[in-house]
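*Asks:* Sequence:
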Amino acid sequence: MSEILRLENLGFTYGVGTPFEKRAVDDVSLSINKGEFIGVIGHTGSGKSTLVQMLNGLIKPTDGKVILEGEDIWEKPKEIRKVRFKVGMVFQYPEYQLFEEDVYKDISFGPQNMGIIDPLEIDSRVRSAAKFTGLREELLEKSPFDLSGGEKRRAAIAGVIAMDPEILILDEPTAGLDPMGRDVLLSQILQYHKRRQNTILLVSHSMEDIARVADKIMVMNHSHLVMFDSTREVFSHGRELEKIGLRVPQITKIMLELKEKGFNVPDGILTVDEAFEYISRILKKEGKLW
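Per the working numbering, the very first residue in the sequence shown carries number 1; after that it's consecutive.
In case anyone wonders, no lab produced these hints; they're calculated from the structure.
Please note that a few of the clues may not be correct.
What the hints assert, rightly or not - Listed next, the in silico SDA-like pairs over lysine to any residue satisfying Cα-Cα at most 20 Å (straight line): (1) K65 / M114; (2) K105 / E151; (3) K131 / K78; (4) K22 / R6; (5) K142 / D171; (6) K65 / T44; (7) K86 / R6; (8) K194 / S49; (9) K105 / F37; (10) K86 / K142; (11) K78 / T62; (12) K34 / R23.
Claimed, not checked - Pair ranges (Cβ atoms, derived): (13) R281 / Y93: 18 to 26 Å; (14) G45 / R239: 34 to 42 Å; (15) R281 / E100: 32 to 40 Å; (16) H43 / D215: 46 to 54 Å.
The structure presented is a predicted model; accordingly, all values stated were derived computationally and were not measured.
Glycine included, every Cβ here is placed at the ideal spot set by N, Cα and C.
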């Protein structure tokens with residue numbers, strides 16, 4: 001896979017030169033390839049939200065660079081708006097971003113803001129984005145404020161997807177949803193990723209959500225990037241994650257505790273299905289399961 005995004009010694013300090021000066025992101029360097037699904041985790045105040053907001057130019061780094069498709073996004077400051085069409089951002093509780101009189105107009109706002117004037121192309125983008133997020137077509141004519149919480153969330157995400165960004169950043173997209181709504185939205189995001197094959201960064205406090213969808217995980221702690229590796233590798237360091245205030249998925253923790261008690265189980269079990277399959281195989285081998 002080819003590189004799409006590179007961070008070079010990236011950093012940001014709030015309130016430079018004031019008594020409230022605070023280092024939010026410190027010396028982060030990494031490379032992300034096209035098509036990867038990256039999870040971003042860290043305790044509250046770790047710097048993860050500031051980091052992702054630098055990736056599309058919402059926040060300008062105080063030091064270091066964001067290299068998008070080989071170019072520093074701040075090399076031409078007057079053109080930073082173009083970067084935001086390539087790197088789409090969905091904020092936490094994105095339904096508060098809805099403002100148009102109907103859902104169709106809200107989703108079409110992004111493409112129109114990009115300069116697209118062909119009504120057929122706009123219509124195609126709106127309907128495609130709505131389909132990707134599981135938003136029923138009859139809802140497009142409704143006021144966004146008449147939708148349910150989950151429908152509002154999908155409408156807001158569709159508004160960013162309609163711009164067809166090369167990189168999609170989702171900051172806690174399932175926050176506040178009930179378990180069923182969370183599962184449905186995550187499934188739709190995963191299906192979108194598989195079809196579109198673009199790059200996605202998902203910021204989440206839910207380790208189960210991250211384990212379910214991410215190829216790799218970035219772990220932030222006190223403004224620093226402390227891990228960036230495959231999901232399985234990162235979650236195999238369960239005790240290290242606990243020390244910085246994070247937890248691994250519950251099933252991963254159970255398997256880790258079994259290993260610490262002397263059972264021969266592998267690191268980085270991520271799902272109940274994986275654990276069941278492994279334990280069943282062991283029991284069958286020992287003749288304890290038929």
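*Asks:* Hints broken by the structure, by number, lowest first?
*Replies:* Going through the list in order, the structure violates hints 1, 3, 4, 5, 6, 8, 9, 10, 12, 13, 14, 15, 16 and respects the others.
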